[in-house]
Amino acid sequence: MIHSTAIIDPGARLAEDVEVGAFSVIGPDVEIGPGSRIGPHVVIKGPTVLGARTRIFQFASVGEDCQDKKYAGEPTRLVMGDDNVIREGATLHRGTAQDRGETTVGSRNLFMAYVHVGHDCVIGNDCVLANQATLAGHVTVGDFAILGGLSAIHQFCHFGTHAMAGGGSIITKDTPAFVMINGNPAQVHGLNLVGLKRRGFSPEAIRALSEAYKLVYRQGLTVTQALEEIRRRFSLTETEAFAASIEISTRGIVR
0 MIHSTAIIDP
10 GARLAEDVEV
20 GAFSVIGPDV
30 EIGPGSRIGP
40 HVVIKGPTVL
50 GARTRIFQFA
60 SVGEDCQDKK
70 YAGEPTRLVM
80 GDDNVIREGA
90 TLHRGTAQDR
100 GETTVGSRNL
110 FMAYVHVGHD
120 CVIGNDCVLA
130 NQATLAGHVT
140 VGDFAILGGL
150 SAIHQFCHFG
160 THAMAGGGSI
170 ITKDTPAFVM
180 INGNPAQVHG
190 LNLVGLKRRG
200 FSPEAIRALS
210 EAYKLVYRQG
220 LTVTQALEEI
230 RRRFSLTETE
240 AFAASIEIST
250 RGIVR
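Quick note on numbering that gives the first Met the number 0: the sequence shown kicks off at 0 and runs consecutively.
What you were told as hints is all true, and nothing was included just to trick you.
Distance condition first, Cα-Cα at most 30 Å in a straight line; then the derived DSSO-like pairs of lysine-lysine:
| id | residue 1 | residue 2 |
| --- | --- | --- |
| 1 | Lys44 | Lys68 |
| 2 | Lys172 | Lys213 |
| 3 | Lys69 | Lys44 |
| 4 | Lys172 | Lys69 |
| 5 | Lys172 | Lys68 |
| 6 | Lys196 | Lys172 |
| 7 | Lys213 | Lys196 |
Here are the computed distance ranges between Cβ atoms for each label pair:
| id | residue 1 | residue 2 | range |
| --- | --- | --- | --- |
| 8 | Leu192 | Ile169 | 20 to 30 Å |
| 9 | Ile205 | Ala71 | 41 to 51 Å |
| 10 | Leu235 | Gly166 | 27 to 37 Å |
| 11 | Arg206 | Ile6 | 53 to 63 Å |
If you're looking for bench data, these hints aren't it; they were derived computationally from the structure. Glycine residues also receive a C-beta, built at the ideal position from the N, C-alpha and C atoms.
Start from the sequences, fold in the hints, and give me the full structure.
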């Protein structure tokens, strides 16, 4: 299960069936759940918690000190859920004492080759970050989000649940839930309709979200006016999630 050339600190806690490839290094305060497979030439630094069935490919760096110049060696953490896949060369950093002290990742996420997740990020479940997608520090990504290859999100931005960014998108503002964006700077190009249909959203919910989208982006209303009108017209969970993702924005929304 563990290659003879792997270096595992005595302070690391690995489930009995964890596989570790050649020349990988696992430091103290690392916990790896059952069914996990760590490829060759992987470095995992703690404090880091990896859930069950984690799969990490060669040359990835997980749980390393962050790149924030304010970081002074404080014992911050990276915590990940179950069934995450981290592909070649990806880098996921721990948090900072100046923020949450923890980078948090949910379950069933795919981090493709050379993805970077900066300090204090919060990533939900079932997300896909394509090759070389980059998250600066303090970024929040909702469930089922998709980030195209070479896309980048500015620090402190929120990227909404079920939202999608095309490849090469430069995202410097908050992205509402359910929308599709692209470009540099990123602009909204409608709802993520294909994603919503694939995930089983009802025709009623999709119609309501389409109308809510038009109120925000097509009717010339202020954001406050649009949110008031959405809540007056609709009472669905989906439209409330759309409105709430706009309401929490601190950087302004992608337009």
